[in-house]
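We have chain L; now place chain U onto it with these hints.
Here the protein sequences line up with chains L and U, keeping their order. Quick note on the numbering used here: the first sequence kicks off at 6 and runs consecutively. Quick note on the numbering used here: the second sequence kicks off at 6 and runs consecutively.
FYI, nobody ran anything at the bench for these hints, they're computed from the structure. Ideal Cβ placement from N, Cα and C applies to all residues, glycine included. Treat each hint with caution, since some may be false.
[Stated by the list, open to error] From chain L, some residues computed to sit far from chain U (all C-beta separations above 12 Å):
hint: 1; residue: D26
hint: 2; residue: Q39
hint: 3; residue: A74
hint: 4; residue: V76
hint: 5; residue: N123
hint: 6; residue: D177
hint: 7; residue: K184
hint: 8; residue: T215
hint: 9; residue: S230
[What the hints assert, rightly or not] To be clear about the criterion: a stretch of chain L counts as covered by chain U if any three or more of its residues have a C-beta under 8 Å from a C-beta of chain U, and this derived list gives those stretches:
hint: 10; stretch: 54-64
hint: 11; stretch: 88-97
hint: 12; stretch: 110-120
hint: 13; stretch: 153-161
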Amino acid sequence: MSDNSVKTSGKRKWSMAVDIDKCTGCQACVVACQSENNIPINTEDLFKQRRAIQWIRIERYWEGEFPNAKVRFIPLLCQHCDNAPCEPVCPVYATYHNQEGLNVQVYNRCIGSRLCVNNCPYHIRFFNFWEPSWTDSLKNQLNPDVTVRSRGIMEKCTFCIQRIRRTTRESDKNNQQLKDGDRRLNPACVNACPTDALVFGDLNYVDLDTGEKSKVAKLKEESLSKNGRGYKLMGELGTEPNVTYLKKVDADSGHSSHGGDSSHG
Amino acid sequence: MQEHVQLDQKEINKDLLDTIFHTPMWWYLAVTFFGVVFLIGASAFGYLLNQGLGVTGLNRPVFWGAYVVNFVFWIGISHAGIMISAILRLTQAEWRRPITRAAEVLTVFALTAALMAAPLVHTGRPWRAFLPTPWILPYDFARGIWPNIRSPFVWDPMAISTYLVASSLFIFIALLPDLAIIRDRSTGLRRVIYSFLCLGWRGTPRQWKLQIVAGILLSALVLPVFVSVHSIVSWDFAVQIGTEGWHSTIFAPYFIIGAIHSGVAAVATLMAVMVWVWKLHKYITPDHFDAIGRLLIVVGLTWFFFFFLEWVFALYTLEDPEIAMRKLQVFQWPWSGMFAVFLITSFIIPVTAWLFRAVRRSLLWMFITTILVNVGMWLERFLIIVPGLMRRTHLVFDWGSYQPSIIELLMVIATFAWLCLGMLVFSKIFPLVPLFDIKEAMINREKIKIGRKEIPASIRE
Chain L
6 MSDNSVKTSG KRKWSMAVDI DKCTGCQACV VACQSENNIP INTEDLFKQR RAIQWIRIER
66 YWEGEFPNAK VRFIPLLCQH CDNAPCEPVC PVYATYHNQE GLNVQVYNRC IGSRLCVNNC
126 PYHIRFFNFW EPSWTDSLKN QLNPDVTVRS RGIMEKCTFC IQRIRRTTRE SDKNNQQLKD
186 GDRRLNPACV NACPTDALVF GDLNYVDLDT GEKSKVAKLK EESLSKNGRG YKLMGELGTE
246 PNVTYLKKVD ADSGHSSHGG DSSHG
Chain U
6 MQEHVQLDQK EINKDLLDTI FHTPMWWYLA VTFFGVVFLI GASAFGYLLN QGLGVTGLNR
66 PVFWGAYVVN FVFWIGISHA GIMISAILRL TQAEWRRPIT RAAEVLTVFA LTAALMAAPL
126 VHTGRPWRAF LPTPWILPYD FARGIWPNIR SPFVWDPMAI STYLVASSLF IFIALLPDLA
186 IIRDRSTGLR RVIYSFLCLG WRGTPRQWKL QIVAGILLSA LVLPVFVSVH SIVSWDFAVQ
246 IGTEGWHSTI FAPYFIIGAI HSGVAAVATL MAVMVWVWKL HKYITPDHFD AIGRLLIVVG
306 LTWFFFFFLE WVFALYTLED PEIAMRKLQV FQWPWSGMFA VFLITSFIIP VTAWLFRAVR
366 RSLLWMFITT ILVNVGMWLE RFLIIVPGLM RRTHLVFDWG SYQPSIIELL MVIATFAWLC
426 LGMLVFSKIF PLVPLFDIKE AMINREKIKI GRKEIPASIR E
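If we strip away everything but chain L, and leave its shape as in the complex, we get (with noise of 0.2 Å):
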């Protein structure tokens, strides 16, 4: 236990900062997302049913009247709340908050009584509708690490949590401090994405050696700040959410006209 908590600075506490600015709605983390998690393909049938399951999606919108339109793109995935409208109302505790800051869902209690997603103001969780099914050359692709979901349940965005378990697990054995942005923890859409627009670590991370806070938190800290570009996704709902989107700077205005509470809060 004491060895334990020399390595770790503490309590750790999941977070994610998305800087819209380097977003190029390229859908990287979507692929990669959808593979390392087992998420079933999205056919065109889905997508017009509108049930298509997407843990992160990126979401276009356009400003402005043709000449000068701008294309606007925010990747949209679970907010992790710490506030989370979600959890009360799980008749079966199905989904919940865990200690490290992030809402799970335990898909083996699910029920699929749809309360939670009917509360989700981001409309990030996805019901399984359909049995989910591969074509025969991509079941071997599955990954091991992460269950298949039955028809009938939630899901959503765990921020890889498999991958968390593990290397956090492997540090704790080897006596050996996290690093901040290892690839090995973080989530696949953070290391897919080829702008670094997606930055994921623990808040309370201090490293041993510099005694550095993680990228994340630094990230965090200055944007929220009174000049900064950070702003939470519908903040004034007070859901309190775990990521924090740091808003497009316009090349000519100098100042962003977009991503604060008037477009999508």
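Chain U alone, transformed into the frame defined by chain L:
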């Protein structure tokens, strides 16, 4: 004042037990018809179980649809029983007598229909909700995971099961003297079964006393359920802070009064059907329709007041999501059309019509207007649930609509068939009009001559 026809006991026995000892042809036909409709719905359920909820019209963002609408509707109808047998009994409304049992039976079958509509088919994994590891009732504590007592879906089963048990007991206690009459008039196996069912009823003064005390106790004890059941059903919606159109404190009283509106209307419909089908015109007279019509005017107007208040509460805050939902309800086709139909059928036509004495005393008119009320009340729940979920949120990627699929519709129809089937089968096994209650009314009205003075035989009511 009501006109009274005095009937002797033999005549009452003969009239009211007729359905049990003689089965007409239409009964078989009707049971077959509703049975087939119910079986079609059951096969639709089998298909749904096999394929998953994908066969319904549900999608993002409308995750709740026709099943939940139907659930709320049937819970609403079930308020008939408690209104008639508890409230009217405690207030000693004399006209309730011939319809108490029918209203209670309606309650029980409506509750079972509601249970069929929501927990059984609505959840993604209904087998997890019941067997082998039940979600709430009976709860499997061996796993060490308790149900989340903060969730309205845990309050729901408790409220509804309380109501179901109370209503069933109510029916059974009121049945005891009638079962004994049937026992005395039957032979063979039938006699054995009814002897078992009537728990050795001999009609001794002590038994009568216990039976009356039990009835009054139950109607008093069941009164909290009158408020709790539909409050809790409304909290399924009202506690959802993520769905702004639902998150309102007026939902509980608004739903209760809506439930009484549709429940009492359903009893009036049932009364008309009873007169036509079981030829009970001697027992259910225009006076009874007049009385229930007056009650309906009061209930209907109160309901409209709460409906109006709900709109005021919603619009007073001027919050975007709330306004978006109201716009959807009132201005966008097809919701706008449904809204117009709902308002006309559940309030404008019926309540105006009931103001006229001739309408209240006409079986046909009461039948038509009360059916209209329930068409409107079904639409009301639909308009709360579906536009409530599909309102335009900030995230435009999740804008969508909803249309019930054929599977959903078949299962909705099946719950109606279940109710009709249940009523028909019940009327075959048990008398639908309480014999002892009618006889009691006759005795109460008898006059005894003492010297030159005529006084009532009973001063109970």
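Now the hints, each set against the structure:
1. Look at L:D26: its CB is around 20 Å from the nearest CB on chain U, clear of 12 Å, so calling it non-interface holds up.
2. For L:Q39, the shortest C-beta to C-beta distance to chain U comes to about 17 Å, beyond the 12 Å cut-off, and the non-interface label holds.
3. Under the 12 Å C-beta cut-off, the non-interface status given to L:A74 relative to chain U holds; the minimum distance is some 16 Å.
4. Every Cβ of chain U is farther than 12 Å from the Cβ of L:V76; the closest lies at roughly 14 Å, confirming the non-interface assignment.
5. For L:N123, the condition that its CB be more than 12 Å from all CB atoms of chain U is violated, with the nearest at approximately 5 Å.
6. No Cβ of chain U comes within 12 Å of the Cβ of L:D177; the nearest lies about 26 Å off, and the non-interface call holds.
7. No beta-carbon of chain U is positioned within 12 Å of the beta-carbon of L:K184; the least distance is around 35 Å.
8. Annotated as non-interface, L:T215 keeps its C-beta farther than 12 Å from every C-beta of chain U; the closest such distance is 40 Å.
9. For L:S230, the shortest C-beta to C-beta distance to chain U comes to about 25 Å, beyond the 12 Å cut-off, and the non-interface label holds.
10. Chain U is given as covering the stretch 54-64 of chain L, and this holds because 5 residues of the stretch bring a CB closer than 8 Å to a CB of that chain, at least three being needed.
11. Here's how the stretch 88-97 of chain L fares: 7 of its residues keep a CB closer than 8 Å to some CB of chain U, so the rule of at least three is met and the hint holds.
12. Coverage of the stretch 110-120 of chain L by chain U holds in this model, with 7 residues showing a Cβ closer than 8 Å to a Cβ of that chain against a need of three.
13. As drawn, the stretch 153-161 of chain L meets chain U at 5 residues by the rule of a beta-carbon pair under 8 Å; at three or more, the given contact holds.
When the structure is compared with the earlier hints, a violation turns up for hint 5 alone.
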